[in-house]
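Enquirer: Listed below are the residues making up each chain.
Protein chains: 2
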Amino acid sequence: MKLALLFGGASYEHEISIVSAITVKEKLSRFELTFIFCDQDHRFYLIDGAKMKAVTFSRGEHRKMPKLLLTQGGFEQRGMFGSKLHDMPVLNIIHGGDGEDGTIASMMDFYGIPFIGPRKEAAMLSFDKHYTKWLAESAGIKTLPYEVLHKGKNSLIQTPYPFIVKPARLGSSIGVSIVREASELDYALDVAFEFDNVVLIEPFISGVKEYNLAGFSARGEITYSIVEEPHKNEFLDFEKKYLDFARSSKVAEASISPKLVSQLQDAFQAIYLPLFEGALIRCDFFEIDGEVYLNEVNPIPGSMANYLFEDFQGSIQKLLGALPDKKEIRVHYNYIHSISQAKGK
Amino acid sequence: MKLALLFGGASYEHEISIVSAITVKEKLSRFELTFIFCDQDHRFYLIDGAKMKAVTFSRGEHRKMPKLLLTQGGFEQRGMFGSKLHDMPVLNIIHGGDGEDGTIASMMDFYGIPFIGPRKEAAMLSFDKHYTKWLAESAGIKTLPYEVLHKGKNSLIQTPYPFIVKPARLGSSIGVSIVREASELDYALDVAFEFDNVVLIEPFISGVKEYNLAGFSARGEITYSIVEEPHKNEFLDFEKKYLDFARSSKVAEASISPKLVSQLQDAFQAIYLPLFEGALIRCDFFEIDGEVYLNEVNPIPGSMANYLFEDFQGSIQKLLGALPDKKEIRVHYNYIHSISQAKGK
Chain L
53 MKLALLFGGA
63 SYEHEISIVS
73 AITVKEKLSR
83 FELTFIFCDQ
93 DHRFYLIDGA
103 KMKAVTFSRG
113 EHRKMPKLLL
123 TQGGFEQRGM
133 FGSKLHDMPV
143 LNIIHGGDGE
153 DGTIASMMDF
163 YGIPFIGPRK
173 EAAMLSFDKH
183 YTKWLAESAG
193 IKTLPYEVLH
203 KGKNSLIQTP
213 YPFIVKPARL
223 GSSIGVSIVR
233 EASELDYALD
243 VAFEFDNVVL
253 IEPFISGVKE
263 YNLAGFSARG
273 EITYSIVEEP
283 HKNEFLDFEK
293 KYLDFARSSK
303 VAEASISPKL
313 VSQLQDAFQA
323 IYLPLFEGAL
333 IRCDFFEIDG
343 EVYLNEVNPI
353 PGSMANYLFE
363 DFQGSIQKLL
373 GALPDKKEIR
383 VHYNYIHSIS
393 QAKGK
Chain U
53 MKLALLFGGA
63 SYEHEISIVS
73 AITVKEKLSR
83 FELTFIFCDQ
93 DHRFYLIDGA
103 KMKAVTFSRG
113 EHRKMPKLLL
123 TQGGFEQRGM
133 FGSKLHDMPV
143 LNIIHGGDGE
153 DGTIASMMDF
163 YGIPFIGPRK
173 EAAMLSFDKH
183 YTKWLAESAG
193 IKTLPYEVLH
203 KGKNSLIQTP
213 YPFIVKPARL
223 GSSIGVSIVR
233 EASELDYALD
243 VAFEFDNVVL
253 IEPFISGVKE
263 YNLAGFSARG
273 EITYSIVEEP
283 HKNEFLDFEK
293 KYLDFARSSK
303 VAEASISPKL
313 VSQLQDAFQA
323 IYLPLFEGAL
333 IRCDFFEIDG
343 EVYLNEVNPI
353 PGSMANYLFE
363 DFQGSIQKLL
373 GALPDKKEIR
383 VHYNYIHSIS
393 QAKGK
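Just so you know, the sequences run in chain order L and U.
Sequential numbering from 53 applies to the first sequence in this note's numbering.
Sequential numbering from 53 applies to the second sequence in this note's numbering.
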């Protein structure tokens with residue numbers, strides 16, 4: 053089964069996308085894989101599988117490899133004697149900007165390239181944590197209370213200490229701080245506003261129970277991963293998360309009641325359907341007083357959350373066989389015909 | 053001043069985009085214009101200005117004109133002896149799908165092409181009428197109460213008759229019906245679900261006052277158009293709206309109080325900033341009991357609402373000189389370097 057891993061992108065998560073793709077490569081040995089790298093200038097390169105190592109990119113060795121152009125049906129490789137089209141389905145593994153903000157989805161759809169990953173609306177709603185709140189509310193899923201701050205506007209923060217300050221549109225804990233008292237606030241805001249013009253404030257709940265659940269829908273049925281209780285060091289910082297993107301060993305299932313598992317699965321389904329069809333996503337939840345709260349949606353989870361699935365290769369294969377169709381619209385020029393006739397032209 | 057008009061697209065509004073572009077061409081005589089047509093198969097063509105007539109496209113004559121490929125910085129025209137890059141800024145005039153759903157914005161941003169039009173998040177939030185409700189609520193602007201229906205799910209409608217049934221993601225009144233009694237409901241739902249899997253129900257208020265206001269922000273200042281009270285035939289159907297996209301004569305300003313003008317402008321600003329920066333949009337409002345309600349946002353209004361502006365050419369020029377910058381992200385491979393060093397590779 054052919055599949056192209058698309059990774060890189062112009063985002064703060066460029067490097068973890070590389071790490072993720074390298075990990076996923078190892079986990080999809082049954083597939084006939086093609087590797088397509090998007091550099092920070094949005095140029096595409098066809099990467100030799102034997103060179104799928106982090107240093108290939110940090111040393112700039114990819115620039116000696118064939119360039120690709122995105123076009124109808126795939127990625128075109130121009131050569132001296134004609135051109136070749138790489139037209140297999142794509143697994144979008146560009147974390148953060150480009151991959152998770154709807155850009156790649158827009159381009160894949162525009163050029164008619166089948167892909168695993170969030171469609172553009174799903175991406176945009178999960179990429180911005182503020183919009184994720186709207187989405188969860190509309191799906192009837194609880195989230196923590198929050199405040200929105202805009203760069204350059206002074207706002208009186210109502211949330212009591214301690215609270216979390218996070219840029220609205222970044223994953224992987226980049227720019228996120230816990231603020232325990234007033235003296236820490238300015239620095240935390242400076243850091244967060246470095247990455248985004250919109251910042252969210254949420255209460256910090258010490259020792260809150262966290263559960264991660266991944267899954268996808270194919271042919272009307274949702275495949276759920278096991279539930280993981282992530283180990284945390286109070287809270288995950290970027291460097292720790294970075295290593296997280298290289299995870300490949302299966303983790304232990306959280307020891308929780310069947311009731312909680314089913315609450316988590318119900319919440320997952322309420323968020324997933326129908327918006328996220330075509331994607332394998334990971335939802336990160338809190339459990340507070342027996343109730344499930346959505347923390348965030350990762351529409352392209354680190355290393356595709358391979359470590360949470362019993363049969364990761366089978367899962368990707370199943371999803372690949374059931375990607376949503378884009379409705380094709382045919383134009384018949386009826387209006388122009390009738391207007392031209394009316395005008396006698 | 054150079055500017056490319058980008059029009060067409062694979063959407064139900066393909067034809068009105070052509071009509072819109074032809075109208076805008078006439079209104080931008082001071083500009084050095086290039087015409088780029090996107091056909092229903094997402095192929096781009098460079099259109100001869102002398103052939104900018106509706107029949108060029110309905111007869112398929114554009115297929116004899118030069119093909120263009122979207123690439124870094126512009127549209128590439130390949131020839132026998134090398135290629136030429138059309139790298140001027142773009143006015144996105146693709147109404148409906150592609151243009152107003154964030155696809156074109158994603159692609160322009162990805163390839164670093166400056167453009168007038170909604171950025172991807174703005175497009176996505178205004179394209180789906182359900183998301184527009186969330187946006188308005190978050191901006192503190194009233195909208196009519198509504199219900200959301202999903203295709204294939206039976207829902208008991210709570211809204212009393214008469215009500216309006218509309219597909220969530222179509223403009224130009226396509227698929228919209230007024231339902232006055234139960235016997236009309238099934239047909240109206242069938243029509244709306246023909247165009248979208250999500251449908252909105254809103255109360256129909258006979259004789260409600262409607263006001264349209266267009267505008268844009270440039271260098272920290274909003275330029276407002278005059279306020280128009282659209283003439284309506286109970287409500288605008290597609291064929292009437294179609295002709296609307298060809299409007300080029302300046303309309304009369306609505307005779308309303310300065311207070312109402314300022315209420316409409318305040319509501320416009322609350323919706324516009326900062327999300328719609330880079331776009332010239334038209335907001336359609338209702339006035340009910342002295343209060344302003346947002347009906348919908350047209351992030352690429354028909355014929356760019358030229359007929360509402362005192363100095364349309366000057367307005368486009370002003371906006372073109374103040375397009376938002378896309379934040380450039382540079383990757384330094386610090387993490388990969390540090391990890392490679394730690395691993396001794």
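Honestly, the hints are just simulated from the structure, not real lab data.
Some clues are possibly wrong.
In silico SDA-like cross-links for lysine to any residue, where the CA-CA straight-line distance does not exceed 25 angstroms [to be verified]:
| no. | chain 1 | residue 1 | chain 2 | residue 2 |
| --- | --- | --- | --- | --- |
| 1 | L | Lys194 | L | Lys116 |
| 2 | U | Lys203 | U | Asp238 |
| 3 | U | Lys205 | L | Glu329 |
| 4 | L | Lys136 | U | Ser81 |
| 5 | U | Lys194 | L | Pro197 |
| 6 | L | Lys136 | U | Arg115 |
| 7 | L | Lys116 | U | Tyr163 |
| 8 | L | Lys378 | U | Asp91 |
| 9 | U | Lys205 | L | Lys116 |
Enquirer: A separate judgement is required for each hint: does it hold in the structure or not?
Expert: Okay, the hints, checked on the actual structure:
Among the hinted pairs, Lys194 of chain L with Lys116 of chain L is inconsistent with the structure: their alpha-carbon atoms are about 50 angstroms apart, more than 25 angstroms. About 12 angstroms separates the Cα atoms of Lys203 of chain U and Asp238 of chain U, which keeps this hinted pair within 25 angstroms; it holds. In summary, the hint linking Lys205 of chain U to Glu329 of chain L is supported, as the alpha carbons are separated by about 17 angstroms, within the 25 angstroms threshold. Between Lys136 of chain L and Ser81 of chain U the alpha-carbon distance is near 42 angstroms, which puts this suggested pair outside the 25 angstroms criterion.
For the hint linking Lys194 of chain U to Pro197 of chain L, the alpha-carbon distance of about 22 angstroms falls within 25 angstroms, and the restraint holds. Taking the CA atoms of Lys136 of chain L and Arg115 of chain U, the gap is near 24 angstroms; set against the 25 angstroms cutoff, the hint holds. Proposed proximity of Lys116 of chain L and Tyr163 of chain U is supported: the alpha carbons are some 21 angstroms apart, at most 25 angstroms. As the CA atoms of Lys378 of chain L and Asp91 of chain U are separated by approximately 17 angstroms, the hinted pair is consistent with the 25 angstroms bound.
Of the pairs offered as hints, the one joining Lys205 of chain U and Lys116 of chain L is violated, with about 54 angstroms between alpha carbons and a cut-off of 25 angstroms exceeded.
The structure fails to meet hints 1, 4 and 9 from the earlier list, while all remaining hints are met.
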